[in-house]
Amino acid sequence: MNPYVLAILIASLGMGTTITFASSHWLLAWMGLEINTLAIIPLMSKQHHPRAVEATTKYFLTQATAAAMILFASTTNAWVTGTWNIAQLSDPTAVALISIALALKMGLAPAHFWLPEVLQGLDLTTGLILSTWQKLAPFALIIQISPNMHPAILTALGLCSTLVGGWGGLNQTQLRKILAYSSIAHLGWMIIVLQFAPQLTLLTLATYIVMTSAAFLTLKASSSTKINTLATAWTKAPSLAALATLSLLSLGGLPPLTGFMPKWLILQELTKQSLPLTATIMALSALLSLYFYLRLCYAMALTIAPNVNNSSAPWQLLSTQSTLPLALTTVAALALLPATPAVLAMLT
Amino acid sequence: MALFRTVPVNAVKVCRQLPPLSSASSRPAVLSTRTIYERDYRRPGQEPDKRWPWQKIRFDFSKGVEGVRKHFGLLKDEFFQRWEGPEGRPLIEHMLEQTRVLWEFRGPESLGQWVISTDQEIGGRSEAYLKLGRNNTTCLLYGTLSSVPPRDGETRYSGYCTMRSKQPLGAFDRKKHHDWSSFNTLHLRVRGDGRPWMINIAAETYFSHQRDDIYSYFLYTRGGPYWQDVRIPFSKFFLSSRGRIQDDQHVLWLDKINTIGFTLGDKADGPFQLEIDFIGVCNNLAHTEEFAYEAYKRNPEV
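Residue numbers (UniProt numbering), protein chains in the order written: chain A, 1 to 348; chain B, 1 to 302.
The set of hints was computed from the structure by calculation and includes no laboratory data. Ideal placement from N, C-alpha and C gives every residue a C-beta, glycine not left out. One thing to keep in mind: the hints can contain errors.
[To be verified] A short, non-exhaustive set of chain B residues, derived as facing chain A with CB atoms under 8 Å:
1. R82
2. P86
3. H94
4. M95
5. T99
6. E104
7. S182
8. Y206
9. S208
10. Q210
11. Q246
[Unchecked claim] Cross-link-like lysine-lysine pairs, in silico, DSSO-like; alpha carbons within 30 Å at most:
12. K256/B / K76/B
13. K297/B / K46/A
14. K236/A / K256/B
15. K177/A / K63/B
16. K256/B / K177/A
17. K58/A / K236/B
18. K220/A / K166/B
19. K220/A / K236/B
[Claimed, not checked] Distance ranges between label pairs, derived from CB positions:
20. R69/B / S90/A: 46 to 54 Å
21. G67/B / L302/A: 25 to 33 Å
22. T18/A / K297/B: 48 to 56 Å
23. N299/B / P42/A: 36 to 44 Å
24. K131/B / A283/A: 52 to 60 Å
25. A283/A / F59/B: 43 to 51 Å
26. R100/B / Q88/A: 26 to 34 Å
27. T75/A / P300/B: 46 to 54 Å
All chains should be modelled from the sequences, with the hints used to inform the complete structure.
See below:
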């Protein structure tokens, strides 16, 4: 892509999220969301393959619908209450509509159907941007309106997302779809605790971004988009195969890795709020997700085919892509659990 | 005042044949079904089928019961298959799989997975038939090609026949797709009569403009009594839409394949035969090409 165009698009992506973060008026927040959507569209359809264009179109339609619903809800609220302030969204209709709109924007079940297909049509870098950066702006809004949101909707969205994310990812062989369902499941965890402790939502979001970046960058380093290609990742970079196993287990929420931190704190918070059944269902659905992460670990590190199987075993060539982001995110995804007390002190 | 002539119900035949050419007088003139049925194929020179949807369905209790049993059975299978692994088989099988035989003609029910079509759809005179070959081990597509165009004032060229696989359907006739992403080569064992065939693979598309997008490649048959093993890498398939090769070429993505088909349209009138033993996919590790056609920029900046 022309470097000037690429620079403008990436700057617009940054600017859109920043505008949403910095805004207290709904219109400005909506503008930031739209700028984000429009800036990522050319990046998604860069390769011009019909499937990439299909993914771009589906993404644009869902995001535009969600943005229109946000605009409608905020206008309704302004009409009824007279204020455009984001934190003062109080009209029940507006709040319900915004919840659904933001669920559609992020890919929370039951508005998640676009996410696996869209991620499947993209290359890994754009998929990374979609899974991480594009979640920040909607979360900024959802955290600001969380005191007014209906608890039943939040609980339903959270439970539905974790169950759908776990169940849907079970038999996928395409890695991008697996990461899409993983994203849905993690969003469920973030949403369920929103009504009790929004700071835990922020923590889960931050750890999710770090772990997903580690996962996407690992897949990019081994150029794998299917489980079969992942099975020969050990020939390309054996140490990466070993560390990526741990990153995937971190995504699954196993101690002593970083991914355990948000899950532990969320389950603790749910228990404190006297919701043992919800906590149990969340923990059990985390097992479903863990199954497909373990399956990836099994394919990557615990099997060596009797012959060179479904991908040609490539030579261990020096990679031209920078490994610094991969190294940083992998270390962060594996080693941050001992920092829990500091994180808790910072958040409360 | 009657604004239009009403059609008596028993005068409408519920059948699958094309409506007769001259029945314009018995059609309601106010409301039109044209917008609903614009998408369906209209035989050139023929008026479009303007029956309402309820005039085309056959309501029958036993058909309903049979349908319920079949679809709920399929749904139950789909549900329990997830416990096994991807596509209902354990993951280790998916990882170790290097070849897969997709269509093998070993009994009459295997012919039901294929649809034959010729230019008789547009009024031409070619004929094609599909039957099981000797010993019920192969399928034989045979017939006569005739490139005489139909005399409907619209069509200029004619003379084709094609055999296409049916799209795999799940419970409640939901479209399922073939996932050939573990493979990179198509392997056929055929015995032809020396004619050049086209292999057409249709992948799943999204926009209605892409409805007729097909990835094609040639199958040159030898004729003669010896079988021919044909291995065509998927990277060689080129994109065409409604028969026209596209300037903007893309590689065939193998994770959502709908149908595969064979077409004969070589403008040589006369009988033809194609015998197919099996159609399979395999993974040729020596073939590392991703796409055979370089897509040049058509208007490069100077």
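Report the numbers of all earlier hints that the structure fails to satisfy, in ascending order.
Hints 5, 6, 9, 11, 15, 18, 21, 22, 23 and 26 are the ones this structure does not satisfy, whereas the remaining hints hold.
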